[in-house]
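J.: Protein chains in written order, with the working numbering: chain A, 3 to 110; chain B, 175 to 286.
Any given hint could be a false lead.
[As the list claims (entries may be wrong)] In silico DSS-like pairs for lysine-lysine, Cα to Cα no more than 27 Å straight-line:
(1) B:Lys211 <-> A:Lys11
(2) B:Lys179 <-> B:Lys242
(3) B:Lys273 <-> A:Lys11
[What the hints assert, rightly or not] For the chain B half of the interface with chain A, some residues (derived, Cβ under 8 Å), not all of them:
(4) Leu208
(5) Gly270
(6) Gly279
Calculated directly from the structure, the hints in this document are not laboratory data. Where a beta carbon is used, it is the ideal one built from N, C-alpha and C, also for glycine.
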Amino acid sequence: NAGVTQTPKFQVLKTGQSMTLQCAQDMNHNSMYWYRQDPGMGLRLIYYSASEGTTDKGEVPNGYNVSRLNKREFSLRLESAAPSQTSVYFCATNQPQHFGDGTRLSIL
Amino acid sequence: DQQVKQNSPSLSVQEGRISILNCDYTNSMFDYFLWYKKYPAEGPTFLISISSIKDKNEDGRFTVFLNKSAKHLSLHIVPSQPGDSAVYFCAALDSGTYKYIFGTGTRLKVLA
Chain A
3 NAGVTQTPKF
13 QVLKTGQSMT
23 LQCAQDMNHN
33 SMYWYRQDPG
43 MGLRLIYYSA
53 SEGTTDKGEV
63 PNGYNVSRLN
73 KREFSLRLES
83 AAPSQTSVYF
93 CATNQPQHFG
103 DGTRLSIL
Chain B
175 DQQVKQNSPS
185 LSVQEGRISI
195 LNCDYTNSMF
205 DYFLWYKKYP
215 AEGPTFLISI
225 SSIKDKNEDG
235 RFTVFLNKSA
245 KHLSLHIVPS
255 QPGDSAVYFC
265 AALDSGTYKY
275 IFGTGTRLKV
285 LA
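Chain B on its own, in the form it takes in the complex (with noise of 0.2 Å):
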């Protein structure tokens, strides 16, 4: 029963055009979700985050949608870079159980 669902494993999209990567989750407990990145070798790194009570939140290139009703998050990059290619990763916190599901990654290739 996976609560969080990244049905992209990859995408490719050139320089300088948007990248949307898309995430869908089943747990209506869940109350703050979160974009990661990672690239190969590290950790995950924090991108951006948005509670259930918004539905946009924007860092920079970086936004992050919420529709609540529809049970779907996005991020958009906005210009893509080279420097973005990565493995990204959405989470969901249900904080009354302090515990964060995570997606299984969409793996971004942006091409000079």
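One chain only, chain A, in its complex shape (with noise of 0.2 Å):
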């Protein structure tokens, strides 16, 4: 998706292990998103930035830590990988809400 990029697009874990996902966005948005999608849940909000310097806990924050690096960077970080971390990952940056295309995470 045009203006927002998210890296990587898949990654396997092993139980235990740390991983950032890296988001960034080129369209001077103030507000940013991590979301997870898993099946029959939609997206379920992880942490949103409202604007640089801020960050807030969404509905489901447990075993994950956000960074808003600056305006254009929004990462993800998984600290003790678990198997219920399995999932597909979206950014999205505001408004409306812009996607990137997912990082597919797979944790055994």
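Got two chains here, each in a separate frame; can you build the complex from them with the hints?
T.: So, in structure tokens, the structure goes:
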């Protein structure tokens, strides 16, 4: 998707490993968001950043941390990955929300 | 506690007919509502939105209706085309917190 870039696109981790998902936007939007998508659960908000320098918890923040590095970049970190965190992760900006193409993360 | 609900996981419609996708919400603080379309292996893309001060918004084949008293919105697609086959998510925004809440999605299949 133009404007929001997520890296990596795919990743396989072992339980207990750590990883950072990267997101960058070139749309000059203030707000950025991280979601996870699981079958039958829709898109659930993990964390968001309403503006540079602020971050807030969403619906499912446990097991994750975020960093709003600057206006362009918003990263999501799994400190100790668990199988329950296997999901597709989407980064988005506003408004309306523009999404990246997702990171497919599998934790064994 | 699911604040935005899409009670129909799937819907099949014949090409050329109307598709109606429904969404219910519980939080009266939501003041902006959006519909997104998602194809496999892609991120959701914005389709159409409506402010809580309106009851209808139209964009080409897509119309969103909002019934605030019933806390219900719907997306109408007329006429439906095979390329409309996708998963549709409704979302609600509390603009005071910048937080979006999504429904679980409805998979639309338009039959040729």
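J.: Determine for every hint whether it applies to the structure shown.
T.: Hints, verified against the model:
no., hint, result
1, B:Lys211 <-> A:Lys11, "holds, 20 Å"
2, B:Lys179 <-> B:Lys242, "holds, 15 Å"
3, B:Lys273 <-> A:Lys11, "holds, 25 Å"
4, Leu208, "holds, 5 Å"
5, Gly270, "violated, 10 Å"
6, Gly279, "holds, 5 Å"
Checked against the numbered hints given earlier, this structure breaks only hint 5.
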